[in-house]
Structure formats: structure tokens, C-alpha cells
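K.L.:
Listed below, chain by chain, are the residues.
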Amino acid sequence: MLQRRYLAAIGLIILSLLLYFAVPVGPSLKLKMIATRVFSPVLRLGAALRATWDGARHELQSRGVMLEENRQLREKLALQMQEGLRAQELEDENRRLREMVGFRQANPTRLCAAHVIGRDPSSWWKTVFIDAGSAQGVQPNRAVITPAGLVGKTISVTHASACVLLVVDPNCKVSARVERTRDLGIVEGIYTGLGSEPGCRIEFINRDAKIEAFSAVITSGLGGVFPKGIRIGSLERAPASESGLYKGARLRPSADLERIEEVFVILN
Amino acid sequence: MTIWFLIAAAAVAMGIQCSLGPVFNIGGAKLDLMPAIVLYAALTGSWRQTMGAAVVAAFLLDTPSFARLGLSVPPLIIVGLVVNHFQKLLYRDHLIVQCGFAAAFSLAASIWTWLTLQLSDAPLPMSLGVLLKIVVIAALASVVAPLVFRVLDLLRRWRRYGPVNVETF
Numbered sequence: 010m011l012q013r014r015y016l017a018a019i020g021l022i023i024l025s026l027l028l029y030f031a032v033p034v035g036p037s038l039k040l041k042m043i044a045t046r047v048f049s050p051v052l053r054l055g056a057a058l059r060a061t062w063d064g065a066r067h068e069l070q071s072r073g074v075m076l077e078e079n080r081q082l083r084e085k086l087a088l089q090m091q092e093g094l095r096a097q098e099l100e101d102e103n104r105r106l107r108e109m110v111g112f113r114q115a116n117p118t119r120l121c122a123a124h125v126i127g128r129d130p131s132s133w134w135k136t137v138f139i140d141a142g143s144a145q146g147v148q149p150n151r152a153v154i155t156p157a158g159l160v161g162k163t164i165s166v167t168h169a170s171a172c173v174l175l176v177v178d179p180n181c182k183v184s185a186r187v188e189r190t191r192d193l194g195i196v197e198g199i200y201t202g203l204g205s206e207p208g209c210r211i212e213f214i215n216r217d218a219k220i221e222a223f224s225a226v227i228t229s230g231l232g233g234v235f236p237k238g239i240r241i242g243s244l245e246r247a248p249a250s251e252s253g254l255y256k257g258a259r260l261r262p263s264a265d266l267e268r269i270e271e272v273f274v275i276l277n
Numbered sequence: 130m131t132i133w134f135l136i137a138a139a140a141v142a143m144g145i146q147c148s149l150g151p152v153f154n155i156g157g158a159k160l161d162l163m164p165a166i167v168l169y170a171a172l173t174g175s176w177r178q179t180m181g182a183a184v185v186a187a188f189l190l191d192t193p194s195f196a197r198l199g200l201s202v203p204p205l206i207i208v209g210l211v212v213n214h215f216q217k218l219l220y221r222d223h224l225i226v227q228c229g230f231a232a233a234f235s236l237a238a239s240i241w242t243w244l245t246l247q248l249s250d251a252p253l254p255m256s257l258g259v260l261l262k263i264v265v266i267a268a269l270a271s272v273v274a275p276l277v278f279r280v281l282d283l284l285r286r287w288r289r290y291g292p293v294n295v296e297t298f
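In the order they appear, the protein sequences are chains A and B.
Sequential numbering of the first sequence, starting at 10, is according to our numbering.
Sequential numbering of the second sequence, starting at 130, is according to our numbering.
Derived by calculation from the structure, the hints in this document are not laboratory data.
Every value quoted in this text rests on a predicted model; they were computed, and no experiment measured them.
All C-beta atoms, glycine included, are put in the ideal place defined by N, C-alpha and C.
It is possible that part of the hints are untrue.
In the SDA-like style, the derived pairs of lysine to any residue whose C-alpha atoms are separated by at most 25 Å in a straight line are [claimed, not checked]:
1. Lys39(A) - Gly20(A)
2. Lys182(A) - Gln247(B)
3. Lys39(A) - Thr297(B)
Part of the chain B face toward chain A, derived, beta carbon under 8 Å [said to hold, decoys possible]:
4. Gln146
5. Gly174
6. Gln178
7. Val184
8. Leu200
9. Leu210
10. Val211
11. Val259
12. Leu261
13. Val265
14. Ala268
15. Val272
16. Arg289
Chain A extracted, bound-state conformation (with noise of 0.2 Å):
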């Protein structure tokens, strides 16, 4: 009785690890997505639950704090139409300035918007699944966007979910530019310890190049997964060069990827 207890554990053992790492990495998320459609509903009643739980705390909220969040939003609102206003001139302007060089007209892009229904459960990667799938024309390695910017891209898709590889994850890997000196470098997450922020690095920028602490930093439209021109976010020091032959330097993220509930999948 004793053999067949560890006899079968081994067997398992031995399977597991074929499986993590002999079977390919197709299969194996094939595997994954079968597994994905069997849990999702479980984690859309984990969100709705979570759903009802922000709308009651919402609700109890007292009448001052209202009162004032909504004096902030009109604010904000006054604002944002004001730019909208302003960008729709700007907007207006370049496609005339266009039409006169002859630019062709680039596709409009088309956005699938989605809830967050999950984070990844384990402390050590960085994942989020959306409720949107194929049904809505999701594909793998499309580019996830908040208005804020850059949320990483969709990784593994199934008919009503997707799971999407935040670009704070070690395993993203973004084509990005210096917004302001158009210096090119390559975009990754980074592991964290316990306490700091989970964030990225941009790597690989030219030696010679002359970047302030701060500098935007977004997609360059190389790689042919993100479009060009989403923020990813801002340098948070001046690149240093620590090999000699490139410079890097931690990214502090536009998006707030530890609170993201609605976010925005580029279709096309």
C-alpha cells in the first residue's frame, strides 16, 4: 500500500514536470484555455460579487463626500470638453495638413472595451482577465490600453475571457521611444521584493543619448503588437549606462495597473 502511495506520486510528479517543461509552449496554452473556459465562471461571480460589495460601500458614502466628489467631477468634466474641444481643431487640422501632403489616411482604430474579472492569483506574475473574448473579436497579442495608457497585451484568449500580460511582468517585452529625443529602447517588467511598486525598465537606449529624469516614454510601433504612440510611462531618473554600452532606467507606469477595473482592447 505504501509502494503504490509513492508510486503514484512520482507518476504525478513525473507528469507535472513533462508537462512544464517537455510539452511546447502552443499545447500547452491550448491546455490552459480549455482550463480558463472551465474556471471563468467562477471568476465572473467572484467579480460580480466584488461588484456589489463596491456598489454598497459606494451607497453608504455620505452626502458631503458626494456632494464634493461631484463638485470634482464637473470640474473635471468642464475640462475634458474644453480639451476635446481642443483636440477636435488639432484633429481637424492634421487631416487637412494631410490631405494637402497626400498622407495616406490611417485606419481609424477600433477599441473593445472590458471589465477586469480577475487578478492572477500567485504573487509572482502579473496577469488580469477581462470579460471580453473572441465573441467580441479579441485575439491573442493585442495591445491593452487604459485612457491613461499602456496595460500590456492579451496573452491567452477563450470565447467570453482573455487574459492580459500587465507590462509590468517580466515576460513583457514592449518596443518603446523617448517621447521627446525619439531614442529608441526596448520596454520590460521587472520582479519586485516585498513593500516596492511593481514596475518596469526601459533598457538598450543609445549611449550617446541625452534623456532627462522624467521624459515620457511611449509604444514606437516596432514589433508589431502595440501601436505607435501609447504611453507607457515616465522615466523616474535620467538613464544611466551600467554595462558601458547602453543606458536603462526604472519606468514608473502612466496607468494605475494595481487598480484598473475598465480597460480598452486594440482590435485592429
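Add chain B to chain A, keeping to what the hints say.
P.N.:
Structure of chain B alone, referenced to chain A:
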């Protein structure tokens, strides 16, 4: 106790972990309920139930994560079997047993994850921050274990409720 009871408990625990991740999070160390559930199976059920619970819990843990499937299976099975082997020598209702072994499960899972990450494209360098994170994950798992035991015991008692025959001397 049936294996379905443990699977349902693991699925609900995973739903809670995924949905309330930001709530049960101390400086990036997230609460992990799976060690407590596998420990419950190891201290209460047979070796088959322990292995079943360990495999299901590991797959549930890997599915919504970036980790490839199968990563969490070995540590949960090994520690689960060791605990199950000494089941009769351990007093399952003792707080120290529950907290201590839940921490052992969590430590084994974290150290195994760290070791496998060293073989990946993005290795995780060991630092004081990472070490503290592993310790805090284990501490969180050990703190929550007695609560998980109480809830699962309560559910089992509720499921088995029936009229009691009282025999008098």
C-alpha cells in the same frame, strides 16, 4: 469527505483569490488559500484525496496565472504526502499544526517557483525583498489556515447533518 468537496472548496478559494487579489495583498505578497486546502485534505482524508486535492489545487493555481500548467504540482504533492503519512501522529485541531504546516506548504511552493524561474527567460534574482516576500506569503498562508479549517469543518458537518440516535446506558 469526498474529493468533490475538496475540488469545490479549491475552486471557490481560487475565485476569492482572483477577485479579491488587491484586498488580500501585503506589499505585493498575495494571500494563498491553496496550502490550507491541501493541508486540510492531508490531515483529514486518505492519500488519494490528498493527491487529488494537491493536483486540482495546483492546476487551479496555474490556470489563471502566467505560470505554465504543472508548475505547482510537485511541491503540493510532496508536502501533502509527507503530512498525510504522519496524519495519525498529528493533532489536526491544534493551531500550531495547522499554521506550521500551511507555512511549510507555502514555503515549498514559493521556493519551487523560484527555482523553476531560474531556468526561465526571465530569472528572478534572490534579494532581501524577494526573501521577505516569500516569508510574508508563508505567514499569510499560515494565518488563514485555521480559518479555512473551521469553515471546511463547518461545511462538512452541515452536509452530514441528520437525526442523531442517542443510546442510553
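K.L.:
Any hints this thing doesn't respect? Which numbers, in order?
P.N.:
Per hint list: 3, 5, 6, 10, 14, 15, 16 violated.
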